[in-house]
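Protein chains: 2
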Amino acid sequence: AVAAPAVAQTAPTIKWRLASSFPKSLDTIFGAAEVVAQHVKTATGGKFEIQIFAAGEVVPALGVVDAVKDGTVDCCHTAGYYFIGKDPTFAFDAAIPFGLNSRQQNAWLWEGGGMELLREFFKDYNIHNIPCGNTGTQMGGWYRKEVKTLKDLEGLKMRIGGLGGPVLAKLGVVPQQIAGGDIYPALEKGTIDATEWVGPYDDEKLGFNKVAKYYYYPGFWEGSAQLSIYVNQKKYQELPREYQQALEDACAYAHLEMQARYDVKNVNALRRLVAAGTQLRPFSKEIMTAASKAAFTLYDEYSAKNPKWKKIYDQWKKFRDDELLWFRVAEKSFDDFVHSIQSSRR
Amino acid sequence: AVAAPAVAQTAPTIKWRLASSFPKSLDTIFGAAEVVAQHVKTATGGKFEIQIFAAGEVVPALGVVDAVKDGTVDCCHTAGYYFIGKDPTFAFDAAIPFGLNSRQQNAWLWEGGGMELLREFFKDYNIHNIPCGNTGTQMGGWYRKEVKTLKDLEGLKMRIGGLGGPVLAKLGVVPQQIAGGDIYPALEKGTIDATEWVGPYDDEKLGFNKVAKYYYYPGFWEGSAQLSIYVNQKKYQELPREYQQALEDACAYAHLEMQARYDVKNVNALRRLVAAGTQLRPFSKEIMTAASKAAFTLYDEYSAKNPKWKKIYDQWKKFRDDELLWFRVAEKSFDDFVHSIQSSRR
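Sequence lines, in order, name chains A and B. Just so you know, we're using my numbering here: the first sequence kicks off at 541 and counts up by one. Just so you know, we're using my numbering here: the second sequence kicks off at 541 and counts up by one.
Source of the hints: derived by calculation from the structure; they are not laboratory data. Treat the hints with care, as some may be off.
Same chains, same names: a pair is fine if it fits in one copy or spans any two.
[Claimed, not checked] Only pairs whose alpha carbons sit at most 25 Å apart, straight line, appear in this in silico SDA-like list of lysine to any residue:
id : residue 1 : residue 2
1  : K753      : R684
2  : K691      : R557
3  : K609      : T550
4  : K858      : R811
5  : K805      : R659
6  : K825      : S883
7  : K850      : D876
8  : K850      : I881
9  : K581      : P552
10 : K688      : Q882
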């Protein structure tokens with residue numbers, strides 16, 4: 541190691557504005573953008589600063605894609621599936637029902653061709669997308685009454701996000717779009733019968749357990765749910781190569797760390813919820829199987845009419861089949877055994 | 541975004557030497573150190589360069605910890621469990637039998653207190669440790685004859701690394717320490733009866749399938765296997781804060797990417813091996829259960845005589861119990877269902 545004499549160099553001072561789709565109270569998700577900003581600032585000696593605005597501060601939560609596209613903000617932190625109204629293809633960047641788990645999603649993006657496909661898709665929105673966080677498999681949400689059979693889903697008014705809505709609609713559920721802060725009163729009054737949000741740590745903060753007794757798992761519409769930073773392409777291209785690298789690597793760090801946060805924080809939150817009377821219930825095989833069929837039927841319908849969806853879905857589907865083949869061998873047999881031993885000790 | 545006029549700043553030119561414990565032919569693992577070097581170089585505008593040496597080029601594969609401790613090299617890329625001869629506690633940084641899977645290991649390190657515990661342990665070796673890669677659950681290795689019962693393990697001469705050796709020794713296996721390049725001829729001649737290495741992609745390159753027919757899973761001694769970069773502490777402290785951050789984040793990127801590489805590359809390698817006649821076999825419940833008991837007995841023995849082991853093990857064990865409790869709910873029930881549907885379609 542040789543420390544050469546200091547030399548003069550030019551590094552521009554750059555300040556970006558990031559619009560988050562999340563409130564500060566969601567410390568796990570909102571926090572990932574803060575981690576990115578801190579790391580980028582440190583790595584560039586304070587030259588590249590990203591100022592973070594919570595949902596609604598400069599742009600509405602669901603207006604962030606348009607704001608990045610137009611250059612109103614430099615970048616945003618959001619979940620692709622909030623924008624399925626524009627195109628369901630956005631959901632591949634976050635979650636599609638019965639999709640990839642967190643590790644498989646990473647494999648698809650970094651080595652399985654997914655990043656190239658998504659970057660091509662996002663070009664139409666002037667966006668350079670960078671993965672930044674994952675929640676892992678979410679919970680299936682809070683229900684005022686037990687749901688055991690398909691019959692119990694008929695007419696069920698449920699707040700649900702992403703492609704879980706259209707999938708469950710095929711089974712008779714009436715999906716509701718309700719912003720985070722409005723869910724609790726709707727569930728309390730019985731305006732809705734059920735809601736899903738994220739998992740024990742985030743759900744506990746919204747207090748759903750006080751107005752709904754049954755907590756179902758798994759959230760099969762979010763086997764993993766990825767967050768991303770969407771950067772205006774022109775702004776991204778204007779960055780010095782050094783700052784681009786610092787941003788990409790800071791996002792990788794935040795991506796790893798957010799998953800770790802959930803995997804740790806959910807444990808004690810789940811314990812507290814169960815201790816306070818929450819009844820944990822697995823979805824029945826009847827419901828899961830019907831939902832799975834409905835999901836893949838929906839994907840075929842999208843493929844028939846949406847070439848952008850079809851292009852990604854065809855590659856994604858083959859990738860998923862491959863991953864399940866390999867995971868079944870080493871990874872799953874290890875997990876299965878470890879869990880079986882642990883259960884037998886209880 | 542405001543681009544200020546260029547200003548002069550001082551950024552030292554630093555060149556480090558990294559000793560890898562791996563040959564260049566292990567492109568997945570060796571490649572992770574190359575990714576770190578590339579990213580760090582780019583993020584610092586070429587000022588911080590890390591030159592990588594393959595195993596044996598400047599330091600023997602297993603001499604890298606001593607070389608970093610002494611400052612012979614600035615850092616190394618290796619797996620902690622190669623150094624259990626110094627102290628079995630090293631293994632927590634890589635893998636211990638029936639330990640954490642890849643995601644749980646990340647959770648332990650980044651949010652579960654593991655990083656702090658390991659950094660304290662590594663201080664005694666003048667090392668600042670940074671996670672840099674994971675293989676996921678490995679395969680259980682290649683066997684010339686089927687192993688069905690505990691009786692089949694008695695006297696079995698097997699090349700096995702890490703704490704898998706002492707665990708299997710409790711079941712009558714005779715563990716052998718053989719360097720990568722010497723395994724094939726030993727297995728061919730029958731000097732050993734079995735060997736484990738990594739997984740389909742790496743194992744295929746060494747050709748074990750040509751001299752052993754049975755390929756077992758899972759490698760229960762490596763439910764995940766983490767690689768790390770160990771940096772000489774003084775050298776780390778001498779780095780400008782910017783470079784430290786660039787290094788940390790580059791390692792996070794490489795950490796993510798290596799897991800993705802394995803999850804993708806193992807698929808087709810496994811297909812090719814099976815097509816060429818390899819017989820896949822799951823370890824029997826009898827063998828897995830006995831090995832699990834042997835492992836936790838060994839850990840108790842270490843705890844009784846090694847305070848460094850005990851300090852980490854006590855915390856780690858509680859963390860593992862917690863993680864299994866939570867993963868069983870959402871994550872595993874999702875994986876179980878997806879795999880069950882996929883299998884029923886075959």
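Checked hints:
| no. | hint | verdict |
| --- | --- | --- |
| 1 | K753 with R684 | within (6 Å within a copy, 56 Å between copies) |
| 2 | K691 with R557 | neither (48 Å within a copy, 66 Å between copies) |
| 3 | K609 with T550 | neither (29 Å within a copy, 36 Å between copies) |
| 4 | K858 with R811 | between (38 Å within a copy, 14 Å between copies) |
| 5 | K805 with R659 | between (32 Å within a copy, 22 Å between copies) |
| 6 | K825 with S883 | both (21 Å within a copy, 15 Å between copies) |
| 7 | K850 with D876 | neither (34 Å within a copy, 27 Å between copies) |
| 8 | K850 with I881 | between (42 Å within a copy, 22 Å between copies) |
| 9 | K581 with P552 | both (13 Å within a copy, 18 Å between copies) |
| 10 | K688 with Q882 | between (27 Å within a copy, 23 Å between copies) |
Checked against the numbered hints above, the structure violates hints 2, 3, 7; every other hint is satisfied.
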